[in-house]
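Going line by line, the protein sequences match chains A and B. Take the first sequence: its position 141, counted from the start at 1, is 141 in the working numbering, and no numbers get skipped. Take the second sequence: its position 291, counted from the start at 1, is 291 in the working numbering, and no numbers get skipped.
One thing to keep in mind: the hints can contain errors.
Said to hold, decoys possible - Cross-link-like lysine to aspartate or glutamate pairs, in silico, DMTMM-like; alpha carbons within 25 Å at most:
#  : chain 1 : residue 1 : chain 2 : residue 2
1  : B       : K62       : A       : E144
2  : A       : K135      : B       : E222
3  : A       : K129      : B       : E69
4  : B       : K62       : A       : D48
5  : A       : K51       : B       : E16
6  : A       : K129      : B       : E26
7  : B       : K32       : B       : E16
8  : A       : K129      : B       : E16
9  : A       : K51       : B       : E69
10 : A       : K113      : B       : E3
11 : B       : K271      : A       : E47
12 : A       : K113      : B       : E173
13 : B       : K271      : A       : D48
Stated by the list, open to error - Okay, the calculated beta carbon distance ranges per label pair:
#  : chain 1 : residue 1 : chain 2 : residue 2 : range
14 : B       : R195      : A       : I32       : 27 to 37 Å
15 : A       : A92       : B       : E173      : 45 to 55 Å
16 : A       : G53       : B       : L71       : 44 to 54 Å
17 : B       : E173      : A       : T4        : 38 to 48 Å
18 : B       : R22       : A       : T46       : 19 to 29 Å
19 : A       : I32       : B       : P240      : 17 to 27 Å
20 : B       : A175      : A       : L56       : 23 to 33 Å
21 : B       : A272      : A       : L10       : 50 to 60 Å
What the hints assert, rightly or not - Cβ-to-Cβ under 8 Å is the rule here; a few derived chain A residues that face chain B:
#  : residue
22 : M36
23 : E39
24 : T46
25 : D48
26 : D131
27 : A157
28 : A159
These are computed hints drawn from the structure, not numbers from a lab. From the three backbone atoms N, C-alpha and C, an ideal C-beta is built for every residue, glycine too.
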Amino acid sequence: MTFTDLLNTLGVPMALLGAVLAALMAGIGSAIGVGMAGEAAAGALTEDPSKFGKVLILQLLPGTQGIYGLLIAFLTLSNIGILGGSADISFAKGMLYFFACVPMGFVGLWSAKRQARASVASINLISRKPDQFGKSIILPAMVETYAVLALLVSLLAVANIGKLPL
Amino acid sequence: MPELYPYAAARIHARELSLLSRQNLEQLLAAKTYDECLHSLHGMGWDEGDTAEEILVAETEKTWQLMGELLPELEVFQIFRLPVDFNNAKAAVKSVVTNVQAQHVFLSGGSIEPESLVKALKDNDFSQIPEWMAKPLQEAQQLLLKTRDGQLCDVLLDKAALDAILQAGKSSECALLREYAELFVAAADLKIAQRAILTGRPAAFLKEALAECGTLNLSRLEAAALEGMDGLESYLSLTPYADAIPALKAGASAFDKWRDDRIMALIQGEKANPFTLGPVAAYFLARQNEIAMVRIILSAKRNGLDVEDVQERLRVMYV
C-alpha cells in the first residue's frame, strides 16, 4: 500500500469528524441556549402562566442551530457513504467535507449561546411589557441570520464537494 | 463571570409590575382618614392584616418568602440580613445584661436565631456563633457590664454591623451588592458625622463609630466633622457625595431621603438586567423602600399630619 493509498483511507474519518463537529457543537450551543431561555421562561410563567405561547417561541429560537447542525451532519454522512452508497472518499475530499462542516459547528455553537441571551432578555421584556411581544421576538431572531448564513455555506459546500474531480 | 439567575430575574421583572408607584403613594396620601388609607392599601394587594403593623410585617415576610423561593440559598443576600442580626444582637445583650426577658424586640429575617445569641451570652460560649458576630457580641456584653451605658454598646455593635456589611459586599459576586454596601456604609458614616456635629459629640465618639469604606477617608471625615458643617461641606465637595451636602445641612430626615433616593438611583439600571442577582437585589431594596413609604403615610394619617409635609419626605420609587 502506497503512502497515498494509506492517506486516502483517512478520507472518510476526516469527513466524519466534520459531520460530528457540526452536530456536536451546534447541538451543545442549542442545548445551553434552550436551557437558559427555558429557565427565564419558567420564571416569567410562574408569575403569569398566560404568557406560555409567547415565551415558548422565544425559548425555542436558540434551538434551531442544533437542527441546522444535524442537517449538515446528515447530508455529509449521506455523501460519504455511511448512510449507504459509495464510501470511496479521498483524503482531499475528506478534508473538504471537514472544512465544509466547520462554519456550522462554530457559528452554531456561538450563535445559539448569544441568541439565548437575547431570548432571555426578550422574555424579561415581555414579563414587564407584555404588549411588546412583536419587538421582543425580532431581537433574538436577528442573531438567527448568522446561523442561517453559516448553514448556507456549509450546505452549499457539502452538497457540491462530491462533484469535484478529486 | 458572575453566576446567572435567568429564572429569578425573569420572575422578578414580572413582579416589578406589582410594586407601588409614586401615583399609588399619592392615592394613599389623598385618603381623608386612616381607615380610608388602609382600605386603599387593601385594594392595592396589601391585604394581609387589619392593622398597619400587621400589614407591614406581612409584606416584609412575603418579600423574604419570595427571596427564599428565588435563591438557592439566602447566603447571597447576607448583606440584607446583617442589620437584622445586629439589631437582634443589641436586644440580646441588653436583655441578658439587665436580666430582663426580651419580648417582641427581636426581628425576623436575620441569619442567626435570636435564641442562639441569648444562649451564647448567658453561657458565655460563643463557639456556635459566626466569627463576624461572636467577637463584637462578646465585646458589647463586656462593655455594657462595665459601663452600663447602652449607647456605647449600640455604637460598638453598629460599627461592627457596618464592617460586616462592607465585607459582605466586597465578597459578593454581584456588582450591585458591592456598590450598595459601599454606599450604605458611606451614608452611615456621613450620618454619624452629621449627628456628631448637631449634638457636639467629641472626637472619641467619631473614632469609635465611623466605619472604614472605600470612598471616604475616615481621618479627613473625622477632622472635617470636628470643624462643623462647613468643614464637612468642604471635605465632601471632594468626594462622590458632594450632592449630600444640602441634605446634611437640612437635617436627619432630609439626609435619610437623600440616602434612599441615591439607593433607588443605584438600582434603576437593574430593570434592564435579565441575568444576574442584581434585579433580585434591586427588587428587594425597592420593596424595603415602598414598605418604608407606606409606613410613613400610615403614620401620618394616624397622627393627622399635613399632606405637604409627608410629600416632602416621599422617596423616589423604583417603578
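Hints versus structure:
1. K62/B with E144/A: 41 Å, violated
2. K135/A with E222/B: 54 Å, violated
3. K129/A with E69/B: 23 Å, holds
4. K62/B with D48/A: Distance of about 18 Å is within 25 Å: holds.
5. K51/A with E16/B: 16 Å, holds
6. K129/A with E26/B: 24 Å, holds
7. K32/B with E16/B: Since the Cα atoms of K32/B and E16/B sit roughly 28 Å apart, the hinted pair is violated (cutoff 25 Å).
8. K129/A with E16/B: 11 Å, holds
9. K51/A with E69/B: 21 Å, holds
10. K113/A with E3/B: At roughly 16 Å apart (the allowed maximum being 25 Å), E3/B and K113/A satisfy the hint.
11. K271/B with E47/A: 17 Å, holds
12. K113/A with E173/B: 22 Å, holds
13. K271/B with D48/A: 18 Å, holds
14. R195/B with I32/A: 27 to 37 Å: About 53 Å separates the Cβ atoms of R195/B and I32/A, which means 27 to 37 Å is violated.
15. A92/A with E173/B: 45 to 55 Å: 50 Å, holds
16. G53/A with L71/B: 44 to 54 Å: 29 Å, violated
17. E173/B with T4/A: 38 to 48 Å: Between E173/B and T4/A, where Cβ atoms are some 57 Å apart, the hint is violated.
18. R22/B with T46/A: 19 to 29 Å: 27 Å, holds
19. I32/A with P240/B: 17 to 27 Å: This hint is violated: roughly 39 Å between Cβ atoms.
20. A175/B with L56/A: 23 to 33 Å: 32 Å, holds
21. A272/B with L10/A: 50 to 60 Å: The hinted range 50 to 60 Å holds for A272/B and L10/A, with Cβ atoms some 51 Å apart.
22. M36: Holds. Min distance 6 Å.
23. E39: 4 Å, holds
24. T46: With a minimum Cβ separation of about 5 Å from chain B (threshold 8 Å), the hint on T46/A holds.
25. D48: Nearest chain B Cβ about 6 Å off; hint holds.
26. D131: 12 Å, violated
27. A157: Since the shortest Cβ distance to chain B is 35 Å, the answer is violated.
28. A159: Where the cut-off is 8 Å and the nearest Cβ of chain B is about 38 Å from A159/A, the hint is violated.
Checked against the numbered hints above, the structure violates hints 1, 2, 7, 14, 16, 17, 19, 26, 27 and 28; every other hint is satisfied.
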